[in-house]
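Taken in sequence, the protein lines are chains H and X.
Going by this note's numbering, the first residue of the first sequence is number 1, and it counts up by one from there.
Going by this note's numbering, the first residue of the second sequence is number 1001, and it counts up by one from there.
Just so you know, the hints here were simulated from the structure itself, not pulled from any lab data.
Note that beta-carbon positions come from the ideal geometry of N, C-alpha and C, so glycine has one too.
One thing to keep in mind: the hints can contain errors.
For each label pair, taking beta carbons as the anchor points, the in silico distance ranges come out as [what the hints assert, rightly or not]:
{"id": "1", "chain 1": "H", "residue 1": "V147", "chain 2": "X", "residue 2": "N1275", "range": "15 to 23 Å"}
{"id": "2", "chain 1": "H", "residue 1": "G269", "chain 2": "X", "residue 2": "Q1011", "range": "47 to 55 Å"}
{"id": "3", "chain 1": "H", "residue 1": "T238", "chain 2": "X", "residue 2": "I1035", "range": "39 to 47 Å"}
Subject to a maximum C-alpha distance of 16 Å in a straight line, what follows is the list of computed EDC-like cross-link-like pairs (lysine to aspartate or glutamate) [said to hold, decoys possible]:
{"id": "4", "chain 1": "X", "residue 1": "K1057", "chain 2": "H", "residue 2": "D121"}
{"id": "5", "chain 1": "X", "residue 1": "K1057", "chain 2": "H", "residue 2": "D53"}
{"id": "6", "chain 1": "H", "residue 1": "K57", "chain 2": "X", "residue 2": "D1053"}
{"id": "7", "chain 1": "H", "residue 1": "K391", "chain 2": "X", "residue 2": "E1065"}
{"id": "8", "chain 1": "X", "residue 1": "K1009", "chain 2": "H", "residue 2": "D270"}
{"id": "9", "chain 1": "X", "residue 1": "K1198", "chain 2": "X", "residue 2": "D1225"}
{"id": "10", "chain 1": "H", "residue 1": "K57", "chain 2": "X", "residue 2": "D1078"}
{"id": "11", "chain 1": "H", "residue 1": "K9", "chain 2": "X", "residue 2": "D1270"}
{"id": "12", "chain 1": "X", "residue 1": "K1002", "chain 2": "H", "residue 2": "D121"}
{"id": "13", "chain 1": "H", "residue 1": "K2", "chain 2": "X", "residue 2": "D1060"}
{"id": "14", "chain 1": "X", "residue 1": "K1391", "chain 2": "H", "residue 2": "E65"}
{"id": "15", "chain 1": "H", "residue 1": "K2", "chain 2": "X", "residue 2": "D1121"}
{"id": "16", "chain 1": "H", "residue 1": "K175", "chain 2": "H", "residue 2": "D121"}
Protein chains: 2
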Amino acid sequence: MKINENFLKLQSSYLFSTIAKKVKEYSDSNPNAQIIRLGIGDVTRPLPQASIDAMHKAVDEMGNESTFRGYPPEHGMDFILEKIREYDFTSRGIDIDVDEIFLSDGAKSDTGNIGDIFSVDNVVAVCDPIYPVYVDTNVMAGRAGDVLPSGRWSKFVYLNCTAENDFLPELPTEKVDLIYLCFPNNPTGMAASKQELKKWVDYANKNGSVILYDAAYEAFISQDDLPRSIFEIEGAKTCAIEFRSFSKTAGFTGVRCAYTVIPKELMCGDVSLNNLWARRQATKFNGVSYITQRAAEAIYSEQGMAQVKQNIDYYRNNAKVISDGLKDAGFTVWGAVNSPYAWFKVPDGMTSWDFFDVLLEKTQVVGTPGSGFGPAGEGFFRLTGFGSAEKTLEAVERIKNAKF
Amino acid sequence: MKINENFLKLQSSYLFSTIAKKVKEYSDSNPNAQIIRLGIGDVTRPLPQASIDAMHKAVDEMGNESTFRGYPPEHGMDFILEKIREYDFTSRGIDIDVDEIFLSDGAKSDTGNIGDIFSVDNVVAVCDPIYPVYVDTNVMAGRAGDVLPSGRWSKFVYLNCTAENDFLPELPTEKVDLIYLCFPNNPTGMAASKQELKKWVDYANKNGSVILYDAAYEAFISQDDLPRSIFEIEGAKTCAIEFRSFSKTAGFTGVRCAYTVIPKELMCGDVSLNNLWARRQATKFNGVSYITQRAAEAIYSEQGMAQVKQNIDYYRNNAKVISDGLKDAGFTVWGAVNSPYAWFKVPDGMTSWDFFDVLLEKTQVVGTPGSGFGPAGEGFFRLTGFGSAEKTLEAVERIKNAKF
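Produce the entire structure from the sequences given, and follow the hints as far as they go.
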């Protein structure tokens, strides 16, 4: 038997596993250290009570013969699809049908698995820095080519996100087929305006490209004029797939629920990408837990929405505390306004990993090195607003009192 | 952009979607028909009370700040992996480490996604008849070639399962790389002895092949001398991957939990397949709901095991009722002893789909046409023991009283 040789091109470990290992080593040698983890983008607030109540009810249904549910439909149950359509799209003037929404166990799964429906021959454009999953899944699929000394991949077209362009990439000068965009961005925390997205939609429609739009952080948008969905942009339905998640919106990282929107207008010749994804999911996926689907439905109730807002405000405030504190400490900071992520420049002469080590050593604060998100992330660092308010304050105080 | 053209080779709809559509049409034109569904292999008994109790507790933990859990590890939490190791392997004399077990949201996902780690150039051997997912996922990946007039695929090596060989396939005469085996079998309901499996393990070790062993139905084995895991066979650790599921064992179809075992000894040259799958899952999967993992853990408790046994016995009895009834009605029947599935020959002169229509028309019983599982399934039919005892009895009575 022969393996998929593309796997051998990948670095042996995933960014967050490397961080976890480094922190464990530090913690083992410093058992009394009060470590504060502002690295991984995982939530810490409990689930909204509306979801907890809904899950108790659903669990009871699963224990009763007359209300027991077996295999869910692969694409999701009507009750949750209808809520998504109404609250996430219709309410913002976007016309999306329920059969254009595919419920899943996570945006990571979907952004990874979506490659199944595309040819290996497509030219992929990725931002740099970028969420590593987009890169690694394309390396696995054979769309990346070989790694260059710079750490970049030979077949990718890179979209530079730099301090100079405020981390909003310019259009590629060549023709590309698949374009990964994520706004509000992970890791930089920057959001895109309608005008900014229109530029990409026009490019994609002109060149027959598909935009793979990751909107997992849309709930953090605080400026009312910013788009929450790419489908707010005219023309997006013929060129975009959108990935959404309940993980960051409602704290579902531990219960697993997300969804992907593929408009029926999105065609490649006479083939509907919606049909291809429906076939992919029907063949390789068996739906989301009934209990989780009820939990997701509940966040669209009046109480649910209020509880979600409370959590989002909590994290947003943390992000502001971090951003303000870093600025006080003399750092240059981006993001944190429409995002849980603060992105900042590390002191001159240090690499991102140098700063990771120094920060851990001097303040016991764990962050994420920018270079873990791509070569252009070198010299930057990410802290997240997902910690507790108390620990976030404490972390900021420690950073302000440290000398780097 | 270019799509994955292999998708266009697939039939437009999945077997069970076609059945659902036909039943809906019948039901729409016959609104008073008392339809009994013994087609899809979905469970109907409520979840074991031990799992219900565990889920209520886990839901409460998720609603409390001090016990809330975020992202689970992609490969599963220690508490459930330890139970799996102890009860499913150690207790049967099999030495499997926790890091050889990968928890997931379903065996369908895993048997579909496992292809990611293998080269497109591998020669795939599939049984005929077969669970369609193994075939369709390899068509999507480009390992199937083109469909022939017979309904078979040009690049596959077919392992015939016929009445003549008691639906236990012979070894291929050529060299193959990936071999899909499923015992107790879906759809035929036949189980394999240790001697039978040893034949495959020896073949695979000799030829450097990998056996993709689907043991989703092992809980239905009633004959004590039959293997429940391929790892009961000497030499299997260097040539086999095993897929297990809580769906059929404990009725988890609606809550989604399964696992895959890849021994560390399974190598391709100096590359460990366990490492490749770990990387695949870390990149494209984000773990199983914490609540579901607690539900799975609970089935290994004393009460849990007793409740699971009760459900399995219930379905087994249904399968026996079906098998006995079909025999009384003059049919030749296989399976149903170590399996929830009864597999039988349709009356001479009819195709499997003919019989599907006639059975629905004359008895309002829904089954699964054998030809839906491959060309060699033509002339056979599957009924499942997953219905209620009352409806199963009623279905059998109707069949006995009908003339075909």
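Going down the list of hints, with the structure as the test:
In this structure, V147/H and N1275/X meet the distance hint of 15 to 23 Å, their C-beta atoms being roughly 18 Å apart. Between G269/H and Q1011/X the CB atoms are about 20 Å apart, so this pair departs from the stated range of 47 to 55 Å. Checked against the given bound of 39 to 47 Å, the beta carbons of T238/H and I1035/X, roughly 42 Å apart, stay inside it. The suggested pairing of K1057/X with D121/H is violated, with an alpha-carbon distance near 49 Å, which exceeds 16 Å.
Simply put, K1057/X and D53/H have alpha-carbon atoms about 12 Å apart, close enough for the 16 Å limit, and the pair holds. Proximity of K57/H to D1053/X is assessed by CA-CA distance (about 12 Å); at most 16 Å being required, the pair is judged to hold. At most 16 Å may separate the alpha-carbon atoms for a hinted pair to count; K391/H and E1065/X meet this at roughly 14 Å. Taking the CA atoms of K1009/X and D270/H, the gap is near 15 Å; set against the 16 Å cutoff, the hint holds.
Using a Cα cut-off of 16 Å, the hinted pair K1198/X and D1225/X holds, with the two alpha carbons roughly 14 Å apart. Among the hinted pairs, K57/H with D1078/X is inconsistent with the structure: their alpha-carbon atoms are about 28 Å apart, more than 16 Å. At most 16 Å may separate the alpha-carbon atoms for a hinted pair to count; K9/H and D1270/X meet this at roughly 15 Å. A distance of roughly 7 Å separates the Cα atoms of K1002/X and D121/H; the hinted pair therefore holds under the 16 Å criterion.
At most 16 Å may separate the alpha-carbon atoms for a hinted pair to count; K2/H and D1060/X exceed this at roughly 47 Å. For the hint pairing K1391/X with E65/H, the CA-to-CA distance comes to about 14 Å; that is within 16 Å, so the pair holds. Taking the CA atoms of K2/H and D1121/X, the gap is about 7 Å. The hint holds against a cut of 16 Å. Restraint check for K175/H and D121/H: the C-alpha separation of about 13 Å stays at or below 16 Å, so the hint holds.
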